[in-house]
Amino acid sequence: MIRLWQRVGKVRALAVLVLVAGLAGGYVIADRQTQHNATAEPVKAADAASLPRSGASPSAAPASSDQASAQTKAQDAASAAAAQAKAAEDAARKKKEEEASRSTRSAGPPSYPAPASCDVYKGHRNTGCAELLAAGFGLDQMPCLDKLWTKESGWNPKAHNNSSGAHGIPQAVPGKKMAAYGPLWETDATTQIKWGLNGYIKPRYKTPCAAWGHSQSTGWY
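For the sequence shown, position 141 (counting from the first letter as 1) is numbered 141 according to my numbering, and the numbering increases by one without interruption.
Be careful, since some hints might not be right.
Per label pair, the in silico range of CB-to-CB distance [what the hints assert, rightly or not]:
#1 Lys177 / Ala80: 37 to 45 Å
#2 Leu184 / Pro113: 29 to 37 Å
#3 Lys176 / Ser64: 58 to 66 Å
#4 Ala130 / Ala83: 50 to 58 Å
#5 Ala134 / Ala83: 45 to 53 Å
#6 Ala68 / Lys177: 51 to 59 Å
#7 Lys95 / His160: 26 to 34 Å
#8 Glu89 / Val173: 18 to 26 Å
Since the hints were derived computationally from the structure, they do not count as laboratory data.
For glycine and all other residues, C-beta sits at the position ideal for the given N, C-alpha and C.
My request is simple: use the sequences and hints to build the entire structure.
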């Protein structure tokens, strides 16, 4: 009986030792696992930081650069095309004006029946007719002068174009050019008419009818 209890006691002691060893082993394993996890987490975080963000790709920057370059080239091409179109339009308009001018010159200035005298005109037109003769032109030029300045200003010495600055009966640009023929150039019809005939039409077109022909073909004189 004593031997039996001794054996039981040994078995219990052995069981206790096994239990203690198991607990100790489990603690060591758990401690090692905790250390492993603590070490692995920073590594995982570092790896995650090194990975590209969601939706991004290594080729995103080059693609964006290529797109910007393509847009710049497209804008440059559009600007060049617009410049070419404008140049072509300007050239066509210039050619049209030159053709109209040549046509007017070849056809010669318009002619109208000459008035019997300056008495057929009244007001500023009568003054214009008198100054026309004083400038060395014939009465045959008066119908052209009448049509020209009727179109330009209606023979109004105060007529003024705000956009171009043209002023007076002959629509001088700028109006102060007429000061060479008198100090009251802004309102005096005689001063304006003298400048229009002697200072502008004669040196530029030779005759009022030539000036009127140019105005008809181009819209200005």
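Practice item. Please write out, lowest number first, the hints stated earlier that are contradicted by the structure. Key: none
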